[in-house]
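Undergrad: Given next are the chains, with one letter for each unit.
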Amino acid sequence: DTGVSQNPRHKITKRGQNVTFRCDPISEHNRLYWYRQTLGQGPEFLTYFQNEAQLEKSRLLSDRFSAERPKGSFSTLEIQRTEQGDSAMYLCASSLEAWQGPNEQFFGPGTRLTVL
Amino acid sequence: TQLLEQSPQFLSIQEGENLTVYCNSSSVFSSLQWYRQEPGEGPVLLVTVVTGGEVKKLKRLTFQFGDARKDSSLHITAAQPGDTGLYLCAGATSGTYKYIFGTGTRLKVLA
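Protein chains in written order, with the numbering used here: chain R, 180 to 295; chain V, 288 to 398.
In short, the hints are calculated from the structure, not lab data.
Just so you know, even glycine gets a beta-carbon here, dropped at the ideal spot from N, CA and C.
Here are some of the chain V residues that sit facing chain R, going by a computed Cβ distance under 7 Å:
{"id": "1", "residue": "329"}
{"id": "2", "residue": "330"}
{"id": "3", "residue": "335"}
{"id": "4", "residue": "389"}
{"id": "5", "residue": "391"}
When the alpha-carbon atoms are kept at most 30 Å apart in a straight line, the in silico DSBU-like pairs for lysine-lysine are as follows:
{"id": "6", "chain 1": "R", "residue 1": "236", "chain 2": "V", "residue 2": "357"}
{"id": "7", "chain 1": "V", "residue 1": "385", "chain 2": "R", "residue 2": "190"}
{"id": "8", "chain 1": "V", "residue 1": "395", "chain 2": "R", "residue 2": "190"}
{"id": "9", "chain 1": "R", "residue 1": "250", "chain 2": "R", "residue 2": "190"}
{"id": "10", "chain 1": "V", "residue 1": "344", "chain 2": "V", "residue 2": "395"}
{"id": "11", "chain 1": "R", "residue 1": "250", "chain 2": "V", "residue 2": "385"}
{"id": "12", "chain 1": "V", "residue 1": "346", "chain 2": "V", "residue 2": "395"}
{"id": "13", "chain 1": "V", "residue 1": "385", "chain 2": "R", "residue 2": "236"}
{"id": "14", "chain 1": "R", "residue 1": "236", "chain 2": "R", "residue 2": "193"}
{"id": "15", "chain 1": "V", "residue 1": "344", "chain 2": "V", "residue 2": "385"}
Work out the full structure: start from the sequences and follow the hints.
TA: Written out as structure tokens, the structure is:
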């Protein structure tokens, strides 16, 4: 399978625990994005990497959230001291920088987080 | 703050009917994408439009980008139950790589 993969697909945790999600982008894609989606809403942008550099972070990304892409390939999103409001689907997308043409993103299946 | 408004929010129709979903903004986009998302899955890219006035067809789906690149529409001809899902539009402005998503249109096609 050459698409974007995310692990785990589901995570249930207790309030106050830390969780980490992983995203493996399409292999030749140098751009990687994290989004959060709550029920009935469209995805909201969280952060963006070009290769290993984190170039943009949303104000939605509080100090409890951190994302890394150490070697410019896979990425991790960690949430510390989870709160019930963190319950959502966390989506990862990747794209290939194109000198001409649009920046087309391809999404993974998401990780659904439930904080009890 | 850039906003993408989609209408209608919900649509329930009978198999064989036609429908149009709208995506509107006050911002100008360098490109706009349409996705379909099924429950528990990530959005799947349907089409990308970049030129004002552009029309793209994907089988029974017709996508149009507004002349001013501020709005878009998705028209489905002879809807089928397999078209059921959440349809999302997403726009990117020039100079940024992130996409702003609309709130979505949830379509249900009844057999």
